[in-house]
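Visitor: So the chains spell out like this:
Number of protein chains: 2
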Amino acid sequence: MTTQVINFADKFSQFTDLWSPRIIAQMNDYHFKLAKIQGEFIWHSHPETDEVFIVISGSLTIHLRAGDVQLKAGEMAVVPQGVEHKPSAEHECHILLIEPAGTRNTGDAEGDLTAENDVWI
Amino acid sequence: MTTQVINFADKFSQFTDLWSPRIIAQMNDYHFKLAKIQGEFIWHSHPETDEVFIVISGSLTIHLRAGDVQLKAGEMAVVPQGVEHKPSAEHECHILLIEPAGTRNTGDAEGDLTAENDVWI
Numbered sequence: 001m002t003t004q005v006i007n008f009a010d011k012f013s014q015f016t017d018l019w020s021p022r023i024i025a026q027m028n029d030y031h032f033k034l035a036k037i038q039g040e041f042i043w044h045s046h047p048e049t050d051e052v053f054i055v056i057s058g059s060l061t062i063h064l065r066a067g068d069v070q071l072k073a074g075e076m077a078v079v080p081q082g083v084e085h086k087p088s089a090e091h092e093c094h095i096l097l098i099e100p101a102g103t104r105n106t107g108d109a110e111g112d113l114t115a116e117n118d119v120w121i
Numbered sequence: 001m002t003t004q005v006i007n008f009a010d011k012f013s014q015f016t017d018l019w020s021p022r023i024i025a026q027m028n029d030y031h032f033k034l035a036k037i038q039g040e041f042i043w044h045s046h047p048e049t050d051e052v053f054i055v056i057s058g059s060l061t062i063h064l065r066a067g068d069v070q071l072k073a074g075e076m077a078v079v080p081q082g083v084e085h086k087p088s089a090e091h092e093c094h095i096l097l098i099e100p101a102g103t104r105n106t107g108d109a110e111g112d113l114t115a116e117n118d119v120w121i
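Line by line, the protein sequences are chains A and B. Residue numbering for the first sequence follows my numbering, starting at 1 and increasing by one per position. Residue numbering for the second sequence follows my numbering, starting at 1 and increasing by one per position.
Hints were generated in silico from the structure; no laboratory data involved. Take these hints with a grain of salt, some might be off.
Repeated chains share a single entry, so a pair holds when one copy, or any two copies, can fit it.
Pairs of lysine to aspartate or glutamate residues, derived as EDC-like cross-links and limited to a Cα-Cα distance of at most 16 Å, are as follows [claimed, not checked]:
id : residue 1 : residue 2
1  : LYS11     : ASP29
2  : LYS86     : ASP108
3  : LYS72     : GLU110
4  : LYS11     : GLU75
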């Protein structure tokens, strides 16, 4: 493995579909994924792992049973293992996700919005 | 653990010293650390882990035995486990580091620049 420059804007220019994370890097057994989101996702949790959201552009709401969290560009949050959450964004929002390789986007709530979780760009 | 908004600019405003990473978040057994860097670090490697650099502001050079990599804001790179590297920055640069909890900043080259690796802000 060599060390390459990974430019978020360049990577975001390579896809348009929403709620379909693309892998851009691997660190040990973790994947770094970019996603474009808009609208409402579904409630789900990841029973096996914490999940990190970093907002690259736009604004993201992470709905939690304990109350919503609002994130904008330059901000991040950690959703703990097993905690139910539902991401949403009024306008298109670009995010960086960090989680173990193989983590399913819909966690314990597999369904129509479940994306392939091994697509690299 | 609750989910909190972590704002990079707010966190960077809380310290001024160079080459002294501050922990801002934990995901499973990984730490997210902010650092302000300027000048030349030392050659070192991390025999046990990959290391991620994300540039929040400014420009970073990661010197590698195979050639240098230049990163600016909005870009990231993964330095693989065991690969010798030396970060440097001509002007003050603000970076986000992601690596396992307990990873020493100077890796296998402990010395004057070795920082405490458990300081949260």
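Visitor: Taking the hints in turn, state whether each one holds.
Guide: Structure-based check of all given hints:
1. LYS11 to ASP29: neither (21 Å within a copy, 28 Å between copies)
2. LYS86 to ASP108: within (12 Å within a copy, 42 Å between copies)
3. LYS72 to GLU110: neither (27 Å within a copy, 38 Å between copies)
4. LYS11 to GLU75: between (20 Å within a copy, 10 Å between copies)
Hints 1 and 3 from the list above are not met by this structure, while the remaining hints are.
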